[in-house]
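> Once you've looked at the hints, dock chain B against the given chain C.
Protein sequence lines correspond, in order, to chains C and B.
Number 47 in UniProt numbering belongs to position 47 of the first sequence; there are no gaps in the numbering.
Number 316 in UniProt numbering belongs to position 316 of the second sequence; there are no gaps in the numbering.
Keep in mind the hints are simulated off the structure, nothing from the lab.
Hints should not be assumed to be uniformly reliable.
[Said to hold, decoys possible] Chain C is faced by these chain B residues, among others (derived, beta-carbon under 8 Å):
(1) Lys81
(2) Thr311
(3) Val330
(4) Ser335
(5) Gly337
(6) Ala340
(7) Phe342
(8) Glu344
(9) Ser346
(10) Ala360
(11) Arg363
(12) Ile364
(13) Gly367
(14) Ala368
(15) Gly370
Glycine residues also receive a C-beta, built at the ideal position from the N, C-alpha and C atoms.
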Amino acid sequence: MSALRPDLRIIADAIPAGVRALDIGCGDGALMAELRAGKQIDARGLEIDAAAIEAAMAQGLSVVQGDANRDLADYPDDAFDYAILSQTLQTTERPDRVVGELLRIAPRAFVSFPNFAHWRVRLSLLWTGRMPVTRLLPVAWYETPNIHHVTVRDFRELLREKGIRVEGAWYLSGDKPTSAAAASWRAEHAIFLIARG
Amino acid sequence: MASLLHQIQHQSVTIPAALPLDSGQSLPSVTIAWQSYGALDPDRSNAVLICHALTGDQYVASDHPATGKPGWWARMVGPGKPIDTDRFHVICANVLGSCMGSSGPATPDAATGAPLGMAFPVITIADMVRAQAMLLDHLGIERLHAVIGGSMGGMQTLAWAASYPERLRSAIVIASAARHSAQNIAFHEVGRQAIMADPDWQGGQYYGSARAPTKGLAVARMAAHITYLSEEGLTEKFGRRLQARDIKSFGFDADFQIESYLRHQGLAFTDRFDANAYLYITRAMDYFDLAEPHDGRLAGALANAKDVRFTLVSFDTDWLYPTAESRRIVQALHSVGAAASFVELSAPFGHDSFLLDVPALDRIVAGALGAGW
Chain C
1 MSALRPDLRI
11 IADAIPAGVR
21 ALDIGCGDGA
31 LMAELRAGKQ
41 IDARGLEIDA
51 AAIEAAMAQG
61 LSVVQGDANR
71 DLADYPDDAF
81 DYAILSQTLQ
91 TTERPDRVVG
101 ELLRIAPRAF
111 VSFPNFAHWR
121 VRLSLLWTGR
131 MPVTRLLPVA
141 WYETPNIHHV
151 TVRDFRELLR
161 EKGIRVEGAW
171 YLSGDKPTSA
181 AAASWRAEHA
191 IFLIARG
Chain B
1 MASLLHQIQH
11 QSVTIPAALP
21 LDSGQSLPSV
31 TIAWQSYGAL
41 DPDRSNAVLI
51 CHALTGDQYV
61 ASDHPATGKP
71 GWWARMVGPG
81 KPIDTDRFHV
91 ICANVLGSCM
101 GSSGPATPDA
111 ATGAPLGMAF
121 PVITIADMVR
131 AQAMLLDHLG
141 IERLHAVIGG
151 SMGGMQTLAW
161 AASYPERLRS
171 AIVIASAARH
181 SAQNIAFHEV
191 GRQAIMADPD
201 WQGGQYYGSA
211 RAPTKGLAVA
221 RMAAHITYLS
231 EEGLTEKFGR
241 RLQARDIKSF
251 GFDADFQIES
261 YLRHQGLAFT
271 DRFDANAYLY
281 ITRAMDYFDL
291 AEPHDGRLAG
301 ALANAKDVRF
311 TLVSFDTDWL
321 YPTAESRRIV
331 QALHSVGAAA
341 SFVELSAPFG
351 HDSFLLDVPA
361 LDRIVAGALG
371 AGW
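Isolated chain C, as found in the complex:
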């Protein structure tokens, strides 16, 4: 499990042991397997891709096929202690509503996303006048699943508007942490732990 993606590593380290957790967009269940092994968490997953689900199910993980845009409604209020949405927010139809759903299903949520205001993205747009294709956002504008690009400051603003508390924030430049102060420019990835206001 050492190959866990850096943002998932941060979530795996930060989440308390033994809680009830839902991993939305769980992929092949890498984080869920880590939570099971390291934190005694019987995590549940939601994923849209059948091949990824099959890989997760083959490990005995509990993953349900579904779409974060629609199927979060199937979970009752407070079904979990933590909801996890990693690298998925920017692919949803209405990220604001998805955030609302996360905090309906669980009092707390981890949300991670690529920061569209990273200096590489800014420079790329400034110099070339074209939608950036970077190591973090490697897909051209017409085929990217990221339909709602978001920046660190955008996300902070959304939370403020909705009265959502921030209980923790981590910023990554490459695989290394970077400071909150410079995050708007320097963070490629942001991970927020948010809670009902």
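Frame of chain C, contents of chain B only:
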């Protein structure tokens, strides 16, 4: 044919206790035929119960005694296979109402010794499960590692989770539903009417006569068989190709390959299945609606099963038990907080996909059984 079928000897046990039925009637004693594979651990914790489908039987992984064909799930069950008999003690019981050794319409009346026929009480999926629980009691198996089934086997698996949640660790439900839809009931009714319209059916008392309703049963099977396949699969396999001829006959022979195939399927079925059993088991499926006793709330039926780990699989070409039915079960499991996995697999074979070569299903079943933690 039915008389030949009923001469086969099956491994079975007759349990002298009464079996109360959902209809309000009861069976004074119950006979259950079963097969098992793999050794039972000394602590009796490695038992896996397989529930068979409508026309299935207990010969999961052994040659069928009437047809000599390999077991219906031989590709799934055996040493080193997804349901690994080197690890698990696998049990499959012939369902109540069937014709492969368990109590059913061919069972002799205790008083007269003549087959009961239509005097056998109508049974339900829950009754089948009750009988299986009696078998497990008899075998001294308190708790199952898993219950697994496709189609009607999936319905029994759900009924197990609803009726005996403390007796199973995991439930694997494949290509199934928590209720029979109007369309499901409609197709079954066509089959039943075909059987009962056959003059050889004789009100169900054909066992002693030289005639059995094989024509009616064959037509029932033909109609049902269509529902097990996908249109895409049929087109690919048969298209409009003609059977052993170059031109149409302008008559009513089996001109088309699909006609010839269905006629063969229908006829072959009568060698291994009893018409009355077909009536009783299809009825049990039609009556199945797990939510009904709970004001239509499926979550109510599964409320006590929150500690059971569920795995559900549907197939994208299965129009008999479509994905929406599995999703409905998943929603109910979310609301009771049970651990649930669900995926719709892509396979070309329609409802029958659960019996056929779908490697993704193998991996999922192995994963669901192997997940020990």
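> Now tell me, hint by hint, if it's right for this structure.
Hints versus structure:
1. Hint status for Lys81(B): violated, given a least beta-carbon distance of 15 Å to chain C, over 8 Å.
2. Interface restraint check: Thr311(B) against chain C, minimum CB-CB distance 7 Å, threshold 8 Å, status holds.
3. Checking Val330(B) against chain C by beta carbon gives a least distance of about 6 Å; that is within 8 Å, so the hint holds.
4. Checking Ser335(B) against chain C: minimum C-beta separation of about 5 Å stays under 8 Å; hint holds.
5. Interface restraint check for Gly337(B): the shortest CB-CB distance to chain C comes to about 6 Å, inside 8 Å, so the restraint holds.
6. A hinted interface residue such as Ala340(B) counts as satisfied when its beta carbon comes closer than 8 Å to some beta carbon of chain C; here the least separation is about 6 Å, so the hint holds.
7. For Phe342(B), the interface hint holds, the least distance from its beta-carbon to any beta-carbon of chain C being 5 Å, beneath 8 Å.
8. At about 6 Å, the closest approach between the beta carbon of Glu344(B) and any beta carbon in chain C falls short of 8 Å, and the interface hint on this residue holds.
9. About 7 Å separates the beta-carbon of Ser346(B) from the nearest beta-carbon of chain C, less than 8 Å, and the hint is met.
10. Because the closest C-beta pair between Ala360(B) and chain C is about 5 Å apart, less than 8 Å, the hint holds.
11. Because the smallest distance between the Cβ of Arg363(B) and any Cβ of chain C comes to about 4 Å, under 8 Å, the interface hint for this residue holds.
12. For Ile364(B), the interface hint holds, since its Cβ comes within 8 Å of a Cβ in chain C; the closest pair sits about 5 Å apart.
13. For Gly367(B), the interface hint holds, the least distance from its beta-carbon to any beta-carbon of chain C being 4 Å, beneath 8 Å.
14. At its closest, the beta carbon of Ala368(B) sits 7 Å from a beta carbon of chain C; the interface hint therefore holds under the 8 Å criterion.
15. Taking 8 Å as the C-beta contact cut-off toward chain C, the hint placing Gly370(B) at the interface holds, the least distance being around 6 Å.
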